[in-house]
Structures are given as C-alpha cells and as structure tokens.
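*Asks:* These are the residues of each chain, in order.
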Amino acid sequence: GNSVTQMEGPVTLSEEAFLTINCTYTATGYPSLFWYVQYPGEGLQLLLKATKADDKGSNKGFEATYRKETTSFHLEKGSVQVSDSAVYFCQTSGSRLTFGEGTQLTVNP
Amino acid sequence: DAGITQSPRYKITETGRQVTLMCHQTWSHSYMFWYRQDLGHGLRLIYYSAAADITDKGEVPDGYVVSRSKTENFPLTLESATRSQTSVYFCASNQGADSTIEAFFGQGTRLTVV
Numbered sequence: 001g002n003s004v005t006q007m008e009g010p011v012t013l014s015e016e017a018f019l020t021i022n023c024t025y026t027a028t029g030y031p032s033l034f035w036y037v038q039y040p041g042e043g044l045q046l047l048l049k050a051t052k053a054d055d056k057g058s059n060k061g062f063e064a065t066y067r068k069e070t071t072s073f074h075l076e077k078g079s080v081q082v083s084d085s086a087v088y089f090c091q092t093s094g095s096r097l098t099f100g101e102g103t104q105l106t107v108n109p
Numbered sequence: 001d002a003g004i005t006q007s008p009r010y011k012i013t014e015t016g017r018q019v020t021l022m023c024h025q026t027w028s029h030s031y032m033f034w035y036r037q038d039l040g041h042g043l044r045l046i047y048y049s050a051a052a053d054i055t056d057k058g059e060v061p062d063g064y065v066v067s068r069s070k071t072e073n074f075p076l077t078l079e080s081a082t083r084s085q086t087s088v089y090f091c092a093s094n095q096g097a098d099s100t101i102e103a104f105f106g107q108g109t110r111l112t113v114v
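Chains D and Z are the protein sequences, given in the same order. Counting in the working numbering, the final residue of the first sequence is number 109, and the numbers go up one at a time with none missing. Counting in the working numbering, the final residue of the second sequence is number 114, and the numbers go up one at a time with none missing.
Simulated from the structure, these hints should not be mistaken for laboratory data. Keep in mind it's a predicted model, so treat the numbers as computed, not measured. Honestly, I wouldn't trust all of these hints.
Covered by chain Z, per the in silico footprint, the following chain D stretches (three or more residues, Cβ under 8 Å) [to be verified]:
| hint | region |
| --- | --- |
| 1 | 56 to 66 |
| 2 | 84 to 94 |
Listed below are the simulated SDA-like cross-link pairs for lysine to any residue, each with C-alpha atoms no more than 25 Å apart in a straight line [claimed, not checked]:
| hint | chain 1 | residue 1 | chain 2 | residue 2 |
| --- | --- | --- | --- | --- |
| 3 | D | 60 | Z | 99 |
| 4 | Z | 70 | D | 94 |
| 5 | Z | 57 | Z | 95 |
| 6 | Z | 11 | D | 52 |
| 7 | D | 60 | Z | 104 |
| 8 | Z | 11 | D | 41 |
| 9 | D | 52 | D | 98 |
| 10 | Z | 70 | D | 19 |
| 11 | Z | 57 | D | 109 |
| 12 | D | 60 | D | 95 |
| 13 | D | 56 | Z | 57 |
| 14 | D | 60 | D | 109 |
| 15 | D | 60 | D | 48 |
| 16 | D | 52 | D | 41 |
| 17 | D | 56 | Z | 110 |
| 18 | Z | 70 | Z | 15 |
| 19 | Z | 11 | D | 45 |
| 20 | D | 56 | Z | 6 |
| 21 | D | 68 | D | 85 |
| 22 | D | 68 | D | 2 |
| 23 | Z | 11 | D | 67 |
| 24 | D | 56 | Z | 104 |
| 25 | D | 52 | D | 72 |
| 26 | D | 60 | Z | 100 |
| 27 | D | 56 | Z | 96 |
| 28 | D | 60 | D | 28 |
| 29 | Z | 57 | D | 106 |
| 30 | D | 52 | Z | 101 |
Each residue gets a CB set at the ideal place from its N, CA and C atoms; glycine is no exception.
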C-alpha cells in the first residue's frame with residue numbers, strides 16, 4: 001500500500017521566517033497528493049493539492065510541487081504568520097487515505 | 001446543509017459501556033473513514049467503507065464495530081469502552097480510491113472514557 005513520511009515536528013518559527021515541511025511518499029501508480037491543515041479544535045481541511053507530476057499546488061501563500069523523480073511533495077511558505085500556527089498533514093490518494101504523522105507548526109510574533 | 005457532520009461533539013462515558021459515534025455526509029461519497037487522533041500518533045485509521053454494506057479494517061480496529069447500511073451514514077460503535085479509547089475521533093469521506101478530489105472531514109468527537 002501507499003505510505004507517507006513527513007518530517008518530524010514540532011517546528012517553531014518567528015513571524016516572517018521561511019517554512020519548509022518535508023513529505024515523501026511511496027505508492028503504486030501515480031497518486032494525487034494533498035496537504036491538509038488542522039487548526040486547534042477543528043477537523044482537517046484541504047490546504048492545497050497536486051494531481052500529476054510537476055504540478056504545483058498553491059493556496060494562502062503555501063506551495064508544494066509534485067516531484068515524481070524524488071517522490072516528494074514538500075510544503076513551503078516564504079513568510080509565515082502567527083495565524084499559520086496549526087498541524088499540517090501530507091496525504092496520498094488511495095483506498096485508505098494514507099497520511100503522514102503530522103507536523104505541529106508554531107509561529108511566534 | 002451540505003457537508004459531513006459528527007455527533008456528539010463531546011462525550012464522556014464509563015468503562016465497559018457501549019457508545020456509538022455518528023457520522024453523516026450529504027454528498028453521496030462512496031468512501032467513508034473513521035480515524036482516531038492521539039497526541040504523538042497522528043491519524044490512525046480504524047475502519048473504512050468503500051460503499052454501503054462494504055467495510056474493511058484499518059490499522060487499529062480492535063474494540064470497534066462499524067456498519068454502513070446507507071451510503072450517507074457510517075456509525076462507529078465502541079462495544080465495551082476502555083480508557084485507552086479516550087481520543088478524538090474523526091470521520092471523513094471522499095469520492096473514491098483514485099480520486100483527485102480531497103477528502104472532507106467532520107469536526108471531530110472528543111471521547112473521554114472514565
């Protein structure tokens with residue numbers, strides 16, 4: 001089955017710092033790839049996605065590029081804000097919705 | 001309202017009692033899922049369902065029972081609750097295994113077993 005490896009957290013940054021959260025996957029075929037965000041006390045919600053190789057997903061200043069050659073989908077943001085503090089999950093499509101372990105991000109003012 | 005709803009949002013129950021968590025979606029998505037989320041463990045899949053009357057075990061199915069008699073509902077039952085089942089439970093749905101469309105999550109049920 002598919003699997004996802006996500007960088008371990010927690011991650012603590014100062015406001016306006018650059019963010020990278022690494023995600024690599026193993027899968028048969030060509031899955032779609034997703035990043036979700038979970039704010040405190042809420043369910044997961046889609047942040048961005050990419051459905052084929054070399055696609056770039058983007059939303060709210062976050063970006064991730066589907067790299068088939070390195071089986072990666074790293075999440076980046078050039079300048080984080082306090083409001084970005086949340087848990088971030090990488091996911092591949094498939095019958096079981098395979099998620100990474102989640103990365104807790106805290107952004108300090 | 002369209003969406004996926006879980007009930008109750010909060011539940012406290014005693015060890016040994018049976019408790020059922022409800023999940024309802026309005027999109028007619030074929031796939032539905034139950035996860036538990038514990039600190040340090042991310043999301044762990046309990047059970048999932050590919051269609052009405054088709055269910056399958058996930059990573060941590062022991063102590064749980066599911067059913068799916070209707071496409072829109074996917075209840076999760078703890079047959080005899082234990083303290084180790086204290087957790088936040090999330091229900092999710094999506095269109096299918098190879099879907100390019102994201103999964104949609106409920107708000108979660110925080111269950112405490114005392």
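*Asks:* Now look at each hint and say whether the structure bears it out.
*Replies:* Okay, the hints, checked on the actual structure:
Note: the region 56 to 66 of chain D has 0 residues with beta-carbon separation from chain Z under 8 Å; the three-residue rule is not met and the coverage is violated. A count of 4 residues in the region 84 to 94 of chain D with a Cβ less than 8 Å from any Cβ of chain Z is obtained; the coverage claim is therefore met, three being the minimum. Among the hinted pairs, residue 60 of chain D with residue 99 of chain Z is consistent with the structure: their alpha-carbon atoms are about 23 Å apart, no more than 25 Å. Distance check on the hinted pair: residue 70 of chain Z and residue 94 of chain D sit about 22 Å apart at the alpha-carbon level, within 25 Å; holds.
At most 25 Å may separate the alpha-carbon atoms for a hinted pair to count; residue 57 of chain Z and residue 95 of chain Z meet this at roughly 19 Å. Between the alpha carbons of residue 11 of chain Z and residue 52 of chain D the distance comes to roughly 41 Å, so the proposed pair goes past 25 Å and is violated. About 19 Å separates the Cα atoms of residue 60 of chain D and residue 104 of chain Z, which keeps this hinted pair within 25 Å; it holds. Pair hint residue 11 of chain Z plus residue 41 of chain D holds up; C-alpha atoms about 15 Å apart against a cutoff of 25 Å.
Between residue 52 of chain D and residue 98 of chain D the alpha-carbon distance is near 17 Å, which keeps this suggested pair within the 25 Å criterion. For the hint linking residue 70 of chain Z to residue 19 of chain D, the alpha-carbon distance of about 43 Å lies beyond 25 Å, and the restraint is violated. For the proposed pair residue 57 of chain Z and residue 109 of chain D, the alpha carbon gap of about 44 Å is over 25 Å, so the pair is violated. Distance restraint check for residue 60 of chain D and residue 95 of chain D: the Cα-Cα separation of roughly 28 Å exceeds the 25 Å cut-off, and the hinted pair is therefore not satisfied.
A C-alpha spacing of about 33 Å is found between residue 56 of chain D and residue 57 of chain Z, which places the hinted pair above 25 Å, so the restraint is violated. Annotation: proposed proximity of residue 60 of chain D to residue 109 of chain D holds, straight-line Cα distance about 19 Å (limit 25 Å). With a CA separation close to 9 Å, the supplied pair residue 60 of chain D and residue 48 of chain D stays within the 25 Å bound. Distance hint between residue 52 of chain D and residue 41 of chain D is unfulfilled; the C-alpha atoms sit about 32 Å from each other, more than 25 Å.
Distance hint between residue 56 of chain D and residue 110 of chain Z is unfulfilled; the C-alpha atoms sit about 35 Å from each other, more than 25 Å. In summary, the hint linking residue 70 of chain Z to residue 15 of chain Z is not supported, as the alpha carbons are separated by about 30 Å, beyond the 25 Å threshold. Our distance criterion of 25 Å between C-alpha atoms is met by residue 11 of chain Z and residue 45 of chain D, whose separation comes to about 23 Å. As the CA atoms of residue 56 of chain D and residue 6 of chain Z are separated by approximately 33 Å, the hinted pair breaks the 25 Å bound.
With a C-alpha separation of about 29 Å, the suggested pairing of residue 68 of chain D with residue 85 of chain D is violated against the 25 Å cut-off. For the proposed pair residue 68 of chain D and residue 2 of chain D, the alpha carbon gap of about 14 Å is at most 25 Å, so the pair holds. Simply put, residue 11 of chain Z and residue 67 of chain D have alpha-carbon atoms about 43 Å apart, too far for the 25 Å limit, and the pair is violated. At most 25 Å may separate the alpha-carbon atoms for a hinted pair to count; residue 56 of chain D and residue 104 of chain Z meet this at roughly 21 Å.
In summary, the hint linking residue 52 of chain D to residue 72 of chain D is supported, as the alpha carbons are separated by about 12 Å, within the 25 Å threshold. Among the hinted pairs, residue 60 of chain D with residue 100 of chain Z is consistent with the structure: their alpha-carbon atoms are about 20 Å apart, no more than 25 Å. The hinted pair formed by residue 56 of chain D and residue 96 of chain Z meets the criterion: a straight-line CA distance of about 22 Å does not exceed 25 Å. With a CA separation close to 30 Å, the supplied pair residue 60 of chain D and residue 28 of chain D exceeds the 25 Å bound.
Distance check on the hinted pair: residue 57 of chain Z and residue 106 of chain D sit about 34 Å apart at the alpha-carbon level, beyond 25 Å; violated. A threshold of 25 Å between alpha carbons decides the hint, and for residue 52 of chain D with residue 101 of chain Z the separation of about 13 Å falls inside it, so the pair holds.
The structure shown violates the earlier hints numbered 1, 6, 10, 11, 12, 13, 16, 17, 18, 20, 21, 23, 28, 29.
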